[in-house]
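Engineer: Whenever a hint applies, use it, and build me the whole structure from the sequences.
Chain by chain, the residues:
There are 2 protein chains.
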Amino acid sequence: MNQEFSSILLETAVTELSRLPGVGRKTALRLALHILRQDESTGVALGEAIVNMRRGVKYCSVCHNISETEMCPLCSSSTRDKSTVCVVESVKDVMIFENTRQYNGLYHVLGGVISPMDGIGPDQLQIASLVDRVKAGDVEEVILALSATMEGETTNFYIYRQLGTLPVKITQLARGVSVGNEIEYTDEITLGRSLINRTLFADSFNSR
Amino acid sequence: MNQEFSSILLETAVTELSRLPGVGRKTALRLALHILRQDESTGVALGEAIVNMRRGVKYCSVCHNISETEMCPLCSSSTRDKSTVCVVESVKDVMIFENTRQYNGLYHVLGGVISPMDGIGPDQLQIASLVDRVKAGDVEEVILALSATMEGETTNFYIYRQLGTLPVKITQLARGVSVGNEIEYTDEITLGRSLINRTLFADSFNSR
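Sequences listed follow chains H and C, in order.
The numbering used here puts the first residue of the first sequence at 1, with every later residue one more than the last.
The numbering used here puts the first residue of the second sequence at 1001, with every later residue one more than the last.
Quick caveat, the hints were computed from the structure, so don't treat them as lab data.
Treat the hints with caution; some may be incorrect.
To be verified - Chain C residues, not near chain H, derived (Cβ > 12 Å throughout):
1. 1121
2. 1138
3. 1160
4. 1184
Said to hold, decoys possible - Here are the simulated BS3-like cross-link-like pairs (lysine-lysine), alpha carbons at most 25 Å apart as the crow flies:
5. H:82 x H:169
6. C:1082 x C:1058
7. C:1092 x H:26
8. H:169 x H:135
9. C:1026 x C:1082
10. H:58 x H:82
11. C:1135 x C:1169
12. H:92 x H:82
13. C:1058 x H:26
14. C:1135 x C:1082
15. C:1026 x H:26
16. C:1026 x H:58
17. H:92 x C:1026
18. H:58 x H:92
19. C:1058 x C:1092
Where a beta carbon is used, it is the ideal one built from N, C-alpha and C, also for glycine.
Structural biologist: Right, here's the structure in full:
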């Protein structure tokens, strides 16, 4: 559909909006016309927030999480436990773990998982920098917190091999029945793992 | 969900993006992280396009279509037929009619249709300015091109009454079977109208 725009400014905005994931040209036009119907200040605030974010947000030189400074607030915090590093796939996963409020260590953002199908090998990920970080000494435990998928497990194993000779404890997230899920609808592999790794019942209310 | 953002710039962008229609906080975060993964120039271009559009786009003083100048390119064009005015609901409808390449007159954008349910009365629409435009003299035909809904028909009738005493021809879009549609799935009212308003078969290929 080749739209007839009476404004080159509108056309440019529609073109840029349609580059967003899941936004086609029709949706982009709908968004642009919505922005035009709003107050000028609202539309300007949106545009400026995007520019400021893209210009201002960098990546932490230690954990590769997004940051506005050379080192992110987590890595430079004096209250976080620097001996534990949780290896996650993405910036979003850091937010998700932070939301649990159950973790006080640091992170290491890989930027993805090994996936030959998508052409992603270990070199495209922040694995070498993780090894360097462990070699530097302070890290006592590396928690592998990648997705429980084939690619995640492959990446876990690759990292395990890379860190193998270093004096560091390597753990992974517990596999088990999701809280709120019915046994009937839990797959057999998960159930098997949850049996093997069963925990003391008393611990489940003591740890709250 | 109260996300833990490690960057105030990211948080601001997510907040602004989540004001868009159909964009929740989760989608806004997905969009923001996508923008961060792209080249800096791509993200900045998006933000600046939105700011420039919102600041630069005004409404035509004659037809109320969007315009970058006091009078839009259509109204100020010397090749358009100024004696015909097509009354449409929105800026988007102007684009849709322009895309048909079947119309060479001018437009009048109402900004909606009369809808008591949504609290939209004639005063919130550009109906008075349409009447003024017709009173000014040059207009010979007003084409009512609103949606074939209850609200559209009500608005058509209201405009018809307002223009009633003025020396102007008032027409409306033909109602009939949609091109490509099967008779079996066309509703009875439309079929009835398409019988009453049947046209000469020869005209259907002569007019192409």
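Engineer: Against this structure, judge whether each hint is valid.
Structural biologist: How the hints compare with the structure:
1. 1121: holds, 18 Å
2. 1138: holds, 21 Å
3. 1160: holds, 27 Å
4. 1184: holds, 28 Å
5. H:82 x H:169: holds, 14 Å
6. C:1082 x C:1058: Distance ~22 Å between residue 1082 of chain C and residue 1058 of chain C Cα, so the pair holds.
7. C:1092 x H:26: Roughly 10 Å separates the two Cα atoms, so the pair holds.
8. H:169 x H:135: holds, 13 Å
9. C:1026 x C:1082: Measuring from Cα to Cα gives roughly 49 Å; hence the hint is violated.
10. H:58 x H:82: holds, 21 Å
11. C:1135 x C:1169: Holds. Residue 1135 of chain C to residue 1169 of chain C sits at ~13 Å (cutoff 25 Å).
12. H:92 x H:82: holds, 21 Å
13. C:1058 x H:26: holds, 21 Å
14. C:1135 x C:1082: Since the Cα atoms of residue 1135 of chain C and residue 1082 of chain C sit roughly 14 Å apart, the hinted pair holds (cutoff 25 Å).
15. C:1026 x H:26: holds, 22 Å
16. C:1026 x H:58: OK: residue 1026 of chain C and residue 58 of chain H at ~21 Å, within 25 Å.
17. H:92 x C:1026: The hint holds at about 10 Å.
18. H:58 x H:92: holds, 15 Å
19. C:1058 x C:1092: holds, 15 Å
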